[in-house]
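Colleague: One-letter residues, chain by chain:
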Amino acid sequence: MTTVSAPPVLVVVQLSGGNDFMNTVIPITDGIYHDSRPSLGVKEQDALPLNDQLAWNPVAAPLKELYDQGNVAIIQGIGYENHNRSHFRGMDIWHTCEPDKIVTEGWLGKTIRELNPSGDNVVTGISFGKGLPRAMVSPGVPVTSVSDLDSFGVMSTITADQQREEALGVFKRMYTPAVGSGIVADYLSHTGTNALASAQILGSVPGKYRSTVEYASNSIAKSLRDVARVHTAGIGTRVFYTQHGGYDTHATQLAVHPKLLNELTTAIMDFFQDLRDHNASEEVVMLVFSEFGRRIKDNGSGTDHGSGGGAFLIGDRVRGGLYGQYPSLEYAQLANGEDLGYNIDFRSVYSTLLDQWLGVDANPIVNGSYEQLKPFIE
Amino acid sequence: MPTEDLALVSHLLRRAGFGTSQKEVEIYAKKEYEEIVDDLLTPEKFPEYDADFISRYYMGTVTSDSFGQTQAAWIYRMINTPRPLEERMTLFWHHLFATGWNKHEHAMTCVQQIDMFRTICLVDMKTILISLSKDPNMICWLDNCENHKDAPNENYGREIMELFSLGVGNYTEEDIKNAARAFTGWTFTQCIPLYPFGTYLSEFEFRQDDHDFGEKIFLGEVGNFDGYDIVDIIVKQPATAKFISRHLYNFFVADEPQVPAWSIREPRDPEAIAMLSNTFIETEGNIREVLKVLFNSDFFKKSRFMKIKSPVDFVVGTVKIAGTHTFPQQDLINLAGSTALMGQTLMDPPTVESWHTGPEWIDSGTLTDRVNFAVEHIGNLNSDGIQDIIERIKSKGPQIKPEELIDLCLDLLGHMEIDLVTRKSLLEYGNSLGNLSFNNQDSEVESLEKIKHMLQLIVSCREYQFA
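Protein chains in written order, with our numbering: chain A, -10 to 367; chain B, 345 to 811.
Just so you know, the hints here were simulated from the structure itself, not pulled from any lab data.
Since the model is a prediction, treat every value here as computed from it, not as a measurement.
One or more hints might be untrue.
To give an idea of the interface, some chain B residues facing chain A are shown, with a C-beta separation under 10 Å as derived from the structure [to be verified]:
(1) V603
(2) D675
(3) M686
(4) Q688
(5) H700
(6) G702
(7) E720
(8) L725
(9) Q809
Which chain A residues stay away from chain B? Per the calculated CB distances, all over 12 Å, these [what the hints assert, rightly or not]:
(10) D24
(11) A36
(12) E70
(13) D89
(14) F141
(15) R162
(16) S193
(17) N251
(18) R265
Using N, Cα and C, we set each Cβ at its ideal position, and we do this for glycine too.
Please model the complete structure; the sequences and the hints are all you need to start from.
Modeller: The structure is reproduced here in structure tokens:
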């Protein structure tokens, strides 16, 4: 396990909809790429060189900069067997590590239980944005979900202090978990109790934060700024979850995808700059993933659902470089005869993060033993 | 014969409508239960909602593409329509055929789609799926306008089966490719730009030169199919009957597991699903008939408080009790903002798979938002609905004990049922307040505050999260 001075932290960035990895890290010298992407292909002269075969989409320049600093591991060709092209199932499989059956427990929910077995720190795991992703859910594990960090608090609409205190007291008693009240009622009890506790802790966060980094005003920049605010407040959060939506680019991909990639990579760059300014970057690793890659051939306007894709590990302690092989574009090597394949199972990456970074036994979380990478500097 | 069980009528109106006040429950209850169901299922018996009224106050709903105003106008309609089930079913189809504002050719096509759902909301499944397949907003949303004879785009071909009719596991990747080919050339006319001419809607267009007239193999049948044939074949599959029945059950009766689990996990009440599916098959997918069976069934009547309210249920239901927003007041847009904060942005679902329902609506953030919303709106003593509640409580006076106050409030907030933990906590609080009395002006003012605090605590409890 890698050792850092502060407890290690994982920040997950989910790209919802299926990011087109082939137009993110581009097999720029491969003729098949250019033949397959008559409408959407990035021209060699426009792309930013990565090595003698690969190049970055020019809009991802901020990520290239981090890569050139040696802080980005590119996982080429990530996926799993019998890849599911449905968003729904695809995302579920990534969230639960269960390709064949539907379960309600997520891999990070289980991880949070290991990191904080007593459940006494309700902000060990925090998700930013609307709704809690299944990855963060596990029965009995408190996880905090924040849509707006600046107005987070139960009964904040009651302005009279004394009445609010009284009401919160009754609220606390009404949400006391009771034996035999049923699964859903019990879930509500725990959620209400956690909401009270986390509001108390998070209430002090915005006031503590000062930064010179100016984040852009889009959803992923806002979420990562919130992560930075909470992380630098030092309240013991170990797992952060954020989402960036809109990657389902079946059509007009040229208008949509570059904008998203630029928002994303700029926000990541700003985030790490912010953490470095606060001397709080060493203990943070970021995982960027998407539920699948997109079809190799474009459809004239966009790309349909595919299989294998790519992921990124980013951080000061990450050993930058390329991991795995870029999936071949040769017909015989394709998944479903038309998609990129994979050569690294996503559970290998999860296992690596769990064992080597967070110091948690990976097997029971990913449901098996998977070969690990060596992406961290000792 | 009136319906004596007011709690049952309240239950029906929470599910077939958006919940409502005791006053309105009493009006509905003047008829027999089956008659109330028939009335709800026959919206045309009631006056048409005046959609023009709100546009005088919210100009953005007609002159330009204001998302906030358009959402506000829909919420206003849910609150004030004389045809609650019509609006409820419009929301059902929006939920099932989730289409997002964030990707549209023309904002008014989003409104046009919701209006279309309203007109087909209780007809037969074939008409519904054909209307959907020809809807410009859906065509844009799932890229069927990019589905060409020489370059098929599979998006709509896949989702019409996975999300809208059959469910995962009831078709192959080859069926998807063939369905996509059958829908080639189904596109829409480009509309005239909004400025400076104003709003013109786009229309469905079939482009013969872009349609693949070749032979297709689809779900075991062979022919030179087009979109009509695909829908015909889809609607007669038993899987469609089951899938739609399960959606109706999940929407109107009790929370099911999330949709992707349906191919693996059995329904919580297989007999109920069988009953609905059989009606679907016998009536060739007549939704009105399926719903008639549903609302009159024992499983429906016994399903009180077995569903977590959606954010829209929560917001509209709370406002209906408070009795506000019967006029297009200025803060309507905030109501739409509140449902969004709670995880349901109307006309803009998170993904093509729509919203996750049941307990997945609730996490520590959204629960906080719900409690704060209800406390604010139910705590408004000046609103008509709360005034009515106060009058009803006062009429039981001159002295009202805490226990009595709690029971009165529970009934007036929708015949709620609470467990012992909640009752004990409320009673402790009630005892600390003492009895209500309306003897003189001072004690009346004090009593009103006590009622307000009790109402606020009741809408903060776990049980208020259930419909």
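Colleague: Which hints, by number, does the structure contradict?
Modeller: 2, 8, 13, 14, 15
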